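J.: Line order of the protein sequences matches chains A and B. With positions in the first sequence counted from 1, the corresponding number in this note's numbering is that position plus 27. With positions in the second sequence counted from 1, the corresponding number in this note's numbering is that position plus 27.
The reader is advised that the hints may include incorrect statements.
Same chains, same label: a pair holds when it works inside one copy or across any pair of copies.
[Said to hold, decoys possible] Here are the simulated lysine to aspartate or glutamate pairs, EDC-like style, with alpha carbons at most 20 Å apart:
#, residue 1, residue 2
1, Lys138, Glu163
2, Lys255, Glu37
3, Lys150, Glu73
These are computed hints drawn from the structure, not numbers from a lab. Just so we're clear, the structure is a prediction, and the values are computed from it rather than from any experiment.
2 protein chains.
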Amino acid sequence: MIIVKAGGGEGLDMEAVCADVAALVRQGEQVVLVHGGSHETNVISEKLGHPPRFVTSVSGHVSRYTDRETLEIFAMVAAGRINKLLVERLQQLGVNAIGLSGLDGRLLEGKRKSTLRIVENGKRKVLRGEYSGRIERVNVGLLQMLLEAGYTPVVAPLAISYESEALNVDGDRAAAAIGAALKAEQVIILSNVPGLLRDVADESTLIPHIPLAQAEECLDRYAQGRMKRKLLGAIEALRDGVGQVVIADGRVEEPVRRALDGQGTVIR
Amino acid sequence: MIIVKAGGGEGLDMEAVCADVAALVRQGEQVVLVHGGSHETNVISEKLGHPPRFVTSVSGHVSRYTDRETLEIFAMVAAGRINKLLVERLQQLGVNAIGLSGLDGRLLEGKRKSTLRIVENGKRKVLRGEYSGRIERVNVGLLQMLLEAGYTPVVAPLAISYESEALNVDGDRAAAAIGAALKAEQVIILSNVPGLLRDVADESTLIPHIPLAQAEECLDRYAQGRMKRKLLGAIEALRDGVGQVVIADGRVEEPVRRALDGQGTVIR
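Isolated chain A (complex conformation) (with noise of 0.2 Å):
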């Protein structure tokens, strides 16, 4: 069982992604496909009149403020747009791809974080009816019963509160809670970085292996942004009962196969 979550940022070759998960499924691997979703839908959002909005958090993480109808068009690009063509290019390629999002089923379920503390030209503020939100369950039911009937489930980061809310969750994180929940041999998060940097504007200073023991500190000394979000799911998942975790390169050839052999930061 591999966990593969490729997309969200620009620059992901989706083609080769869809290429590598085709062909381990003709080998018989059982392959969990999650995707993004944030950079087609700030395209969308722009178009509709609706334009992106970042905060900046009191500890200083900058994330999307999702309101009402961000989520809706959230759900727009990536439960429909996004994921049905990766349905479409994985059918196309002879795999039985059946694609879902967190809402579907209740397949990811976690609590809604309904305000947000943030820092706005240096003043505090509380700004509410956000609609985000941290996965605490997985229907492991749902996908194992697809997964048996020969099915591939390609998910769209989405998922459902215990209100019943839809909800925007981190799609790395979404990966790894499935990791988790189906005891996955092996999670590969690709994006648009070779993996973990110890510099993130040199390239060349690629972490290629840390041992679980140390990921905390890793995340503490050189993660920033999103790949600290990349880290806390991997982390996450392999005290959960992951095997492995890579972050790997999704600009390049072959991505998937380069990640099982190691190519990106290899954290177990």
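Dock chain B against chain A, hints included.
T.: Showing chain B alone in chain A's frame:
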């Protein structure tokens, strides 16, 4: 087993439809909800700078020209926005809804119609690059597996061609095809008219009952535009073993309950 088709056009009370579906599911009934997407696709296509284009076929039938860009917008709106918001609402009502498009797990498979023969300014033309089609196969196994596991499928009207291209399909005929494949007792088709009318301009001329033997005659005499496809779908479904089809009003309170009580045009 009841198949409910609702939505697509304007004016339907989807909140009331969801409440009725939830009541049926609570009673232990298996339900599949099929929705549309044409009206919202028009609105969003317009905003995205790719306004819908309607063409008249040589046989006088008006339909949407679904070029690839329109198909992708349709997938986004129908399988993303509409489908996921319905799933969210049903989950809030206690229904374990799972949203799918016909692409997912090859749920609805059919033949692509890649060219349209149209009449424009009095001249006959062939329009290429069309992405629509007609459903020929339903993945019954997938629907049955989900229904037996307690999920309520919510289906967006896209299909997949034999060459694995995404297709825009008619929602009414998708509901009819699903009903036929599952040998449903009833297929309820809700729209913004009370049923088949003798005079389209007069809602009091509702035809309350049509025996299957007379359905084709009614099709030729009374059905226009979208109603033609509803009636065609009904005839196909009944021939394939559906017990009863009701074409009914979706703008009223308790629309599904009323249709089940026989309010509308009952065909059997």
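J.: Look at each hint and say if it fits the structure.
T.: We went through each hint and held it up to the structure:
1. Lys138 / Glu163: Within one copy, since 7 Å is at most 20 Å while 42 Å is not.
2. Lys255 / Glu37: Within. Shortest intra-copy distance 18 Å satisfies the 20 Å Cα cut-off; inter-copy 45 Å does not.
3. Lys150 / Glu73: Answer is neither: 27 Å inside a copy and 39 Å across each miss the 20 Å cutoff.
This entry does not satisfy hint 3, going by the numbered hints stated previously; all others are met.
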